[in-house]
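**Q** Construct the complete structure from the given sequences, taking the supplied hints into account.
Chains as they are written, first to last, in the working numbering: chain A, 5 to 479; chain B, 5 to 479.
Hints were generated in silico from the structure; no laboratory data involved. Take the hints with a grain of salt, since some may be wrong.
Keeping only pairs whose Cα atoms sit at most 27 Å apart, straight-line, the calculated BS3-like set for lysine-lysine is [claimed, not checked]:
id, chain 1, residue 1, chain 2, residue 2
1, A, Lys-428, B, Lys-435
2, A, Lys-463, A, Lys-442
3, B, Lys-358, A, Lys-382
4, A, Lys-372, B, Lys-382
5, B, Lys-428, A, Lys-463
6, B, Lys-358, A, Lys-327
2 protein chains.
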Amino acid sequence: MIAVILAGGSGTRFWPRSRSEVPKQLLPIAGDRTLIQKTVERLLPLIPVDRIFIVTNQNHAVETNRQLAGYGFMPANILVEPVGRNTGPAIGFAAAVLSSREDEVMAVLPADHFISDPDRFLKDLEFAESVAGKGYLVTFGIPPTHPETGYGYIRQGPALEAVSGAFAVDRFVEKPDRPNAEKMIAEGGYYWNGGMFVWKTSVFLEEMRSHLPEVHSRLDDLKKHCVINDTGLATRQLDAGGKAVFESLPGISVDYGILEKSSRMALVPASFHWSDVGSWSALDDVLEKDREGNILSPNVVALGCSNSVIQGETRVIGAAGLKDMIVVDTRDALLVCSKEQAQEVKKIVGVLEKENREEVTTPATVMKPWGSYTLLEKRENYLVKRLEVLPGKQLSLQSHDYRCEFWTVVSGVADVELDGESFKLDAGEFKFIPVKGKHRLGNSAEALLVLIEVQFGEKVIEQDITRYQDDFGRC
Amino acid sequence: MIAVILAGGSGTRFWPRSRSEVPKQLLPIAGDRTLIQKTVERLLPLIPVDRIFIVTNQNHAVETNRQLAGYGFMPANILVEPVGRNTGPAIGFAAAVLSSREDEVMAVLPADHFISDPDRFLKDLEFAESVAGKGYLVTFGIPPTHPETGYGYIRQGPALEAVSGAFAVDRFVEKPDRPNAEKMIAEGGYYWNGGMFVWKTSVFLEEMRSHLPEVHSRLDDLKKHCVINDTGLATRQLDAGGKAVFESLPGISVDYGILEKSSRMALVPASFHWSDVGSWSALDDVLEKDREGNILSPNVVALGCSNSVIQGETRVIGAAGLKDMIVVDTRDALLVCSKEQAQEVKKIVGVLEKENREEVTTPATVMKPWGSYTLLEKRENYLVKRLEVLPGKQLSLQSHDYRCEFWTVVSGVADVELDGESFKLDAGEFKFIPVKGKHRLGNSAEALLVLIEVQFGEKVIEQDITRYQDDFGRC
Numbered sequence: 005m006i007a008v009i010l011a012g013g014s015g016t017r018f019w020p021r022s023r024s025e026v027p028k029q030l031l032p033i034a035g036d037r038t039l040i041q042k043t044v045e046r047l048l049p050l051i052p053v054d055r056i057f058i059v060t061n062q063n064h065a066v067e068t069n070r071q072l073a074g075y076g077f078m079p080a081n082i083l084v085e086p087v088g089r090n091t092g093p094a095i096g097f098a099a100a101v102l103s104s105r106e107d108e109v110m111a112v113l114p115a116d117h118f119i120s121d122p123d124r125f126l127k128d129l130e131f132a133e134s135v136a137g138k139g140y141l142v143t144f145g146i147p148p149t150h151p152e153t154g155y156g157y158i159r160q161g162p163a164l165e166a167v168s169g170a171f172a173v174d175r176f177v178e179k180p181d182r183p184n185a186e187k188m189i190a191e192g193g194y195y196w197n198g199g200m201f202v203w204k205t206s207v208f209l210e211e212m213r214s215h216l217p218e219v220h221s222r223l224d225d226l227k228k229h230c231v232i233n234d235t236g237l238a239t240r241q242l243d244a245g246g247k248a249v250f251e252s253l254p255g256i257s258v259d260y261g262i263l264e265k266s267s268r269m270a271l272v273p274a275s276f277h278w279s280d281v282g283s284w285s286a287l288d289d290v291l292e293k294d295r296e297g298n299i300l301s302p303n304v305v306a307l308g309c310s311n312s313v314i315q316g317e318t319r320v321i322g323a324a325g326l327k328d329m330i331v332v333d334t335r336d337a338l339l340v341c342s343k344e345q346a347q348e349v350k351k352i353v354g355v356l357e358k359e360n361r362e363e364v365t366t367p368a369t370v371m372k373p374w375g376s377y378t379l380l381e382k383r384e385n386y387l388v389k390r391l392e393v394l395p396g397k398q399l400s401l402q403s404h405d406y407r408c409e410f411w412t413v414v415s416g417v418a419d420v421e422l423d424g425e426s427f428k429l430d431a432g433e434f435k436f437i438p439v440k441g442k443h444r445l446g447n448s449a450e451a452l453l454v455l456i457e458v459q460f461g462e463k464v465i466e467q468d469i470t471r472y473q474d475d476f477g478r479c
Numbered sequence: 005m006i007a008v009i010l011a012g013g014s015g016t017r018f019w020p021r022s023r024s025e026v027p028k029q030l031l032p033i034a035g036d037r038t039l040i041q042k043t044v045e046r047l048l049p050l051i052p053v054d055r056i057f058i059v060t061n062q063n064h065a066v067e068t069n070r071q072l073a074g075y076g077f078m079p080a081n082i083l084v085e086p087v088g089r090n091t092g093p094a095i096g097f098a099a100a101v102l103s104s105r106e107d108e109v110m111a112v113l114p115a116d117h118f119i120s121d122p123d124r125f126l127k128d129l130e131f132a133e134s135v136a137g138k139g140y141l142v143t144f145g146i147p148p149t150h151p152e153t154g155y156g157y158i159r160q161g162p163a164l165e166a167v168s169g170a171f172a173v174d175r176f177v178e179k180p181d182r183p184n185a186e187k188m189i190a191e192g193g194y195y196w197n198g199g200m201f202v203w204k205t206s207v208f209l210e211e212m213r214s215h216l217p218e219v220h221s222r223l224d225d226l227k228k229h230c231v232i233n234d235t236g237l238a239t240r241q242l243d244a245g246g247k248a249v250f251e252s253l254p255g256i257s258v259d260y261g262i263l264e265k266s267s268r269m270a271l272v273p274a275s276f277h278w279s280d281v282g283s284w285s286a287l288d289d290v291l292e293k294d295r296e297g298n299i300l301s302p303n304v305v306a307l308g309c310s311n312s313v314i315q316g317e318t319r320v321i322g323a324a325g326l327k328d329m330i331v332v333d334t335r336d337a338l339l340v341c342s343k344e345q346a347q348e349v350k351k352i353v354g355v356l357e358k359e360n361r362e363e364v365t366t367p368a369t370v371m372k373p374w375g376s377y378t379l380l381e382k383r384e385n386y387l388v389k390r391l392e393v394l395p396g397k398q399l400s401l402q403s404h405d406y407r408c409e410f411w412t413v414v415s416g417v418a419d420v421e422l423d424g425e426s427f428k429l430d431a432g433e434f435k436f437i438p439v440k441g442k443h444r445l446g447n448s449a450e451a452l453l454v455l456i457e458v459q460f461g462e463k464v465i466e467q468d469i470t471r472y473q474d475d476f477g478r479c
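**A** Written out as structure tokens, the structure is:
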């Protein structure tokens, strides 16, 4: 079996932890590893890492790569979409790349869901593989626990003759209103559509040809224009021609474009506990609560609070008398809302987007292939950052046209190159980088390098950078 | 008339805006000026600034001075208590210092109350002065608006014969429970005790001799040991002998120690709108609300919120579905509580105090006589600060035994002295201050000086400082 993990996401529902540059799957929302890490981990007992593929976009490719390196994940297995066109074209892109393996079974899985019992999940997946082997497009049906209005539903049809334990699909039901959701729950035989599918690549491509020919007809083109970006962060990308093709595709979900129309659908009821972790209030389904029903991070002093989620970072948080509330505190943005209104977070992000606030796009701590930086303060003509450079890594050789930089090493040893000369800076040492100075920062020591950088100049923006050489293909 | 403003305060009830080093009266809680500034402003039409005295403690004297300098306030009129001993000894100390003016009338006023109509207040004060002139100890009675359990009450006695509009005091009632508060409101003739008093110094001293002789007998000693600290921040302080005397005094309120026992009390009903601004929920009484009953600072995006106080600084705050909530966001600490539980803030501070958290004592931005500094980041072996030095001011000539400092000027021009040499640093220039280097930072230019300082060393604590000369008497 091959796995294709869909890793899109706009980063709005878990704001302010998520940002457009760091959507949900890249965050450790439900434990100490990120959702995409857990998604890959879950598959490894069944599917070797070189058979796991991820479809994501350019903004998230580097961080996805970074997060999965520890599993031996192959960077070339990251397929980069130039734009988002919903799941139909995304899966089509993957199927095109994998079309030489058309006899194999492909599991399509979202990167940002939560599954608490991986063993059951793997058993179900193996069973679904056997059903798919018989020529079906398999969708997992999640037994509903309440009349949720946020999911689509699938009505179970008769049991398949070919394989016991799987069912025909009677019909797909779009996200219902409350009364209809209640009706379906009362009636029985309905499942939530969790967006997890299993099929033979060949069968999927046939069905796409029948039902979504406007996408299927371009798949060969996509395959032809797909190239491996051969740098330290190798990814499969589309060249200029391929990008144009992809951009011309209609934005359509695989459900609507193919599955609802196909006569080869099969439903496999899931035996595992699943959550799409669709909003902050869904944390209740995935994290352990204390006796009062609270989920608190360590820096919280809570008095008389119940059924509340209070998640912070380093800042101390005092809370009193909160009931059914959500508090999410980050270095540069704060969210406070009632659980009932957790879906309103999207609207808050919408308001901030219109104001072009950076808090929508970029977190205060930005992960980089060489480590990370944290913005400590930003004003018009200067900013202050803490840089952390991992052992053995270096930033690009670069220069800036509008700013100079003041570097103070506070931990570790820095390798500094400036206009052809090289220096070592110990903790407690300093270097000035003038405007247009060609410079590079690296860490060849064994400990983390931590450096305070003051940027000063006419323009202090990330875009003011010229790269001359980069270990991560960013020139 | 002379005014004595009592400015104590532990800084717990308005945490995290207030800290033990910056209690409520020093904060702009109810508008753009601080409560102590407003208290002084309110008096100025009636009482010249040189006749206004403040009793406070050493921690708050410098900042009190700084805040009142713009009114021409006389630094020597700041009386510094070595320890807090409640209002009895505090007023006694002031009366001792002012005993040479014993025929004058003294108004005693808290520094941290809110009064919305200063004209009515001044009229009432003038009337109280006339009553005090007849030998009474006058207390203002605040007409109660609801059965508050957080205040003491005063029961009105018969009208005074000597002066119409004033009443005898029947009795003082300590903070009641709810049923008793309701009973008093229903019965009528009760007032809140607002802690504002007017009397002739001589009459007060006589009553103190009768009812609180253990304090009265030490007043001459206090007066004798009171010295003016003759620096740029002149204050009246007690010398070592005076401190010992003051420390030996019992901690007792003027109400309990004198007023409840005196037969010379008079009650003047207040015609002005008053609030003691006793907790975050009291902001409702003093600030304007929007149509949904919210009090929001500019950086808040609020959807579906009502009757809530959301006060931030620069961080963006998203809020949804809050009802009757309080959110107070500062750079280093966050409070979220229901209005009902606003009094619990004290307990939160108590928990943090036990953990010795600096967030209880010191704000992220610390005001200094020369300007301010803001802590941007602190770790074990380094910290990063933004310093702002006012035009014409300089810090002390100083050195540090355990840390070096890296200074980058980002705005204005710095005057730097290091080991006897002097430099000017423009914006974009840098200076390294080695361990034990004798250095000084000043701003002789006309614009604000802003400087980013990285402190690095074995110990990075405020206490690691040796001062050789200081414009503010801190050597």
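**Q** If you check each hint against the structure, which ones fail?
**A** 3
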